[in-house]
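Just need the whole structure built from these sequences, with the hints factored in.
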Amino acid sequence: MKLKETFITQEMDGEQIMVATDGSFVGMVRNNATAAFIVDCLKTDTDKEAILDAMCRKYDAPREIMATDVDKVLNNLRKIGALEE
14 MKLKETFITQ EMDGEQIMVA TDGSFVGMVR NNATAAFIVD CLKTDTDKEA
64 ILDAMCRKYD APREIMATDV DKVLNNLRKI GALEE
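The sequence shown begins at 14 in the numbering used here and counts up by one.
Simulated from the structure, these hints should not be mistaken for laboratory data.
Any given hint could be a false lead.
As the list claims (entries may be wrong) - The calculated DSS-like cross-link candidates involving lysine-lysine, where the alpha carbons are at most 30 Å apart (straight line), are: (1) Lys15 to Lys61; (2) Lys92 to Lys61; (3) Lys15 to Lys85; (4) Lys17 to Lys92.
As the list claims (entries may be wrong) - Simulated DEER-style distance windows between Cβ atoms: (5) Thr57 to Arg91: 16 to 26 Å; (6) Thr34 to Asp73: 28 to 38 Å; (7) Glu77 to Ser37: 31 to 41 Å; (8) Pro75 to Thr19: 28 to 38 Å; (9) Glu24 to Gly94: 20 to 30 Å; (10) Met14 to Arg70: 15 to 25 Å; (11) Glu24 to Arg76: 25 to 35 Å; (12) Arg43 to Asp73: 19 to 29 Å.
All C-beta atoms in this analysis are idealised placements derived from N, C-alpha and C, irrespective of residue type, glycine included.
Written as structure tokens, this is what we have:
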């Protein structure tokens, strides 16, 4: 899976902002640090397990908790049509 190329991100005041450039999603998504990390992982073709592995290398938290976070972010990205699967 991968973030669609029509969704771009920008770092502003320590927060990641994401918008769609093709009009498929009207609005702006503000990502916290965890969601921004996941979105950055999705800028190249990847899968949930690879994202979790990367998170385990970066963060000191239980894998089960991070898996829940990844699921939430992926589901939200699916809802706005931001993922290629």
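Cross-check of the supplied hints:
1. For the given pair, lysine 15 sits about 11 Å from lysine 61 by alpha-carbon distance, which is consistent with the 30 Å threshold.
2. Restraint check for lysine 92 and lysine 61: satisfied, since their Cα atoms lie roughly 17 Å apart, inside the 30 Å limit.
3. Of the supplied pair hints, the one linking lysine 15 and lysine 85 holds, its CA atoms being roughly 16 Å apart against a limit of 30 Å.
4. Proximity of lysine 17 to lysine 92 is assessed by CA-CA distance (about 13 Å); at most 30 Å being required, the pair is judged to hold.
5. Between threonine 57 and arginine 91 the beta carbon distance is about 18 Å. The supplied range of 16 to 26 Å therefore holds.
6. In this structure, threonine 34 and aspartate 73 meet the distance hint of 28 to 38 Å, their C-beta atoms being roughly 36 Å apart.
7. Under the hint 31 to 41 Å, the C-beta atoms of glutamate 77 and serine 37, about 33 Å apart, fit the expected range.
8. For proline 75 paired with threonine 19, a C-beta distance near 34 Å keeps the hint of 28 to 38 Å intact.
9. Checking the proposed 20 to 30 Å range against glutamate 24 and glycine 94 shows it holds: the Cβ atoms sit about 23 Å from each other.
10. In this structure the supplied range 15 to 25 Å holds for methionine 14 paired with arginine 70, their Cβ-Cβ distance being about 20 Å.
11. The beta-carbon spacing between glutamate 24 and arginine 76, approximately 27 Å, falls within the hinted interval of 25 to 35 Å.
12. A hinted range of 19 to 29 Å holds for the C-beta pair arginine 43 and aspartate 73, which are about 25 Å apart.
No hint from the list above goes unmet by this structure.
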